[in-house]
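S.K.: Protein chains in written order, with this note's numbering: chain A, 1 to 738; chain B, 1001 to 1278.
Just so you know, these hints were derived from the structure itself, not from any lab.
A quick note: this is a predicted structure, and the numbers were derived from the prediction, not measured.
One or more of the hints may lead you astray.
As the list claims (entries may be wrong) - What follows is a list of derived Cβ distance ranges for each label pair:
1) B:Cys1225 <-> A:Glu303: 54 to 62 angstroms
2) B:Cys1225 <-> A:Ser144: 36 to 44 angstroms
3) B:Leu1216 <-> A:Ser144: 22 to 30 angstroms
4) A:Asp142 <-> B:Gly1084: 56 to 64 angstroms
Glycine is no exception: its CB is placed at the ideal position from the N, C-alpha and C atoms.
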Amino acid sequence: MILVEGWNRDVAGAREDIAQQEWLPGGSAVDVTIAPTDESVLSTTPTMDEVFDTGSLGSLLERSSWVNAEGTAIVRDGCIEWANPALHAICAVPDGTLHGSSVEVIEIYESTEGSDTIGVRARLDSSLDSVRPRRRALQRADGSAVAVSVAADRLQAVPDGAWVLRVREIAAHVRVDEELRTSEARFRALADHAPIGVFLSDVGIRLAFVNARFAQVWGRPAEELVGDRWLDPVLASDRDKILRAVGDVLCGDDASVTINVLRPEGDVRTLDIRFVPVVGVDRQASFVGSVEDVTDARAREAELEWQARHDALTGLPNRTELWEHINGHFARTSSRVSLLFFDLDDFKLINDSLGHFAGDILLNNVAGRLRDAVRAEDMVARFGGDEFVVFCPGIGTELEAKHTADRLLRELREPIDLGTRQVRVTASVGVIVSEADVHDPEMLIRDADVAMYQAKNAGKARAAIFDAEARRMIEHRLEIVSDLRRALAEDDVGVFYQPIVRHEDLQVVGAEALLRYSHRELGPIPANEVIEIAEASGCIDELGLYVLQRSCADLAEWRARTVGWRPQYISVNLAASQLAHPDFADQVADALTANGLVPQDLCLELTESQLMTDVDMAADVLGHLASTGVRLAIDDFGTGYSSLAYLKRFPVSLVKIERSFVADPEEAFVGAIIEAVVAVTRAVGGRVVAEGVENVAQLDTVGALGCSLIQGYLLGRPTPADQLPVDPDRRFRLERGD
Amino acid sequence: MPTSQASAVRVLHVVDDPSSSAADLARAVAVDPVLTAQAMRLANSAYYGLSRRVRSAEFAVSVLGFATVRSLAASFAAGTLHKGVRLPEHFWEHAAATAVGTAFVSTRLDVDRAEAFSLGLLHDLGAALLCRHDPGGYSFVEEDEQHRDSARSMLVERDVLGIDHADAGAAVLEAWRFPAGMVDAIATHHERPSGHDSKQQRALAAGQALAELAELDDHEHAAACQLVLHHEDALQLADVSPAAAFDLSRMIRGEAHAVAASFHVSEHDAPEGYAVAD
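Sequences are here, hints too, so could you generate the full structure?
M.R.: Here it is in structure tokens:
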């Protein structure tokens, strides 16, 4: 070690330590100080004389490979005594021409810098042992300048202070830098104009770059967001989320976070930020990322979510929302709750007569009244068309619940202004209070619905508390309906026939088709119950058509036989809804032609009340059918309004007197009534049938009163088609004792 | 020199090996508790904004980057991290302010930020060395009232101590194989700025100017204006307008304080399980 003086001993000591670690190859690197420390050079330097001869030192240096990597010169008294080919090349001059020239050739002085600048020469004159590399400009022979790094070390072995100068061209690096800058400028332009906010990290949580879109999203200039200032407008509650995400991304994981930022205008935007880890050249953890303003998207999502859970017309929660609300309630507590199921009475009538627009106004009005009248913790939901459900989590007794329902009904009773007119609306309300252990919204709503039907059946405009018995009935009905549908599909519904006999000679003239249905598990179900259930469940049309077709087929079969029944017609009961079916006339015609029958073979029986439901339509359809030859009968005459006007209005061929008249024809006035009906019926060209004739006395009385046709157990019970007696006429005669 | 220098040398070695990972460097750092504690304190300082979330040496190394870890190792090897060591007046305050300032202007000069930060942190390392090895001589230099004048203070140092602190720091860093650009910039940091200066030289010159501005109090307007005029060239070469210089210096002040605080360690600050080595 040669250049050690004073404090330098420590530096040299450090170098020795480093050399001992064997990771700093002593003296072989270009930037490390000069030859005198290079043992190989010194060991081949035999005498001081040779060293004084700089030419021989120069030739010595030339043999060292590292010397040729950069420009090297030996300088004494400001004069270049020797320079290697590399330095000549840097200066763009022929080899050897630098020998003897001033050292100042490698530095351009700027006149403005004056005496402050310690130039190469001045430094070489100082008492130092070495000069650290400096950037200098070098004037080349062709006049161009080249940037170089210049370093110098004193040759300690030479007493009068010769220096070894090292000159490295740095223009090449500069050019690479320029290219990098150009390419970076292109990427920067790309990032700057990207439609999505992007950013690059600096150190830690700091940002070095944000693009225009990022600045726009933040509502601040980009300069105000670099560093850690991008965090300032983030809502305090979200800062920890960002810190956590940045911690993750700096540890090498992708991270994303949704935060809210307060903009200078005072609005808060919701932003999605994604972070991707990047390891820099310096192996410093950093990240890049993107930011997206999702405020509007979130708002749209929230709106869609709201729409999915609310009714568009009234703004009330819908079925889904109600469901989850109740479930949510039971998830928190198991206290009893009440549920009120509202169904507006005769809403269809208002809709049909005043139009849907008026109907909507009315629904809105009802919704508003209910909502205003309930307590804050209650929920009013629109369940269906004109159905509303009020969920009261705080009401746990039937008394309270009924009281609430009555109060709400009073609220609804006030007239509603529909613009052109005022209407009063009533509702039927089903009330249910949950059992302590029942937490199923579906069951609650179903029971409330059942109770609502009870309220309807009890005369509408009232509230009914759910009755468990009623539910059992409903369940019973449901059971029947489902089996009835199966029976219809599997042709498992029975049709029995009861003969209709001519009084004068007891000849069979017709047969009434009667429904016989037996549930698979519950056994036989009375026909009137089956029909009621079928009407309520909407399968009455199907059932009616089935009976019509079966009857026609059976009649055709009897006709085909050589012995047995030969009724002139078959009598089939109709339901009102069948009459309203647009294809009914066609169904009748099809059933007849399919079995080779004529219209006169069929008699359709209707009750007065069925005719009444829509008199005009019934008159049209029945008039048409009658014109083709189908017979019409009014059933159970005497039970309804018994308006004789029907007999004029409809082309009736048979009137069937209700069985209660027949049961005791001797009673006061009954005989007179029967006589009157017979007289009127005859007047319009029809005949009267006495139903329910059970004994000979009845038979004789009704016959005397003018009933020309008889039906009843006396003359034959309802019987399956395949069990009909071969010659019923004979039996009737024998029984009567003729 | 403290005997623990070997661990610093190992750190420098790992930094220089391009195949080293953050985990490798963290292992090398973790050998020395003082160095580890310093790395953790700096990474947890407000400057990095991570709010004391850095709890492992590896995370600290990742956050700081290799360049900064290397500059910590160099500071450590030079003895400046050790408790009770005599340092020039306001040494860490000035180093931190210059580090933050240089890092601030690094982007516009296309200098790597971590390198810029290290430049500032280490630019006066030579002064610390001189102060340690010739405390009397260094006191004399410090007392020289003219020491704000760069050229003069350098001459005084050379007269009194035989070498100026710029050359002293550069010599050490060069021996430790710091990048030539950094060594050059530190060697010349008291020279007058020129258009031929490298980007590192420009960054450091501007960083020093901003640091000096930041070290003034808010009310010292006249002094601030004088400083800006004095450093007009340095600021101009880094593309910093006088107005921007005032703005930047205000920002630098707070952050420099956070960085400097991480270097002021008392025994109470030492993390649990770490003894502060002497």
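S.K.: If a hint holds in the structure, say so; if it does not, say that too.
M.R.: Tested hints:
| no. | hint | result |
| --- | --- | --- |
| 1 | B:Cys1225 <-> A:Glu303: 54 to 62 angstroms | holds (58 angstroms) |
| 2 | B:Cys1225 <-> A:Ser144: 36 to 44 angstroms | holds (41 angstroms) |
| 3 | B:Leu1216 <-> A:Ser144: 22 to 30 angstroms | violated (44 angstroms) |
| 4 | A:Asp142 <-> B:Gly1084: 56 to 64 angstroms | holds (60 angstroms) |
When held up to the earlier numbered hints, the structure conflicts with hint 3 and nothing else.
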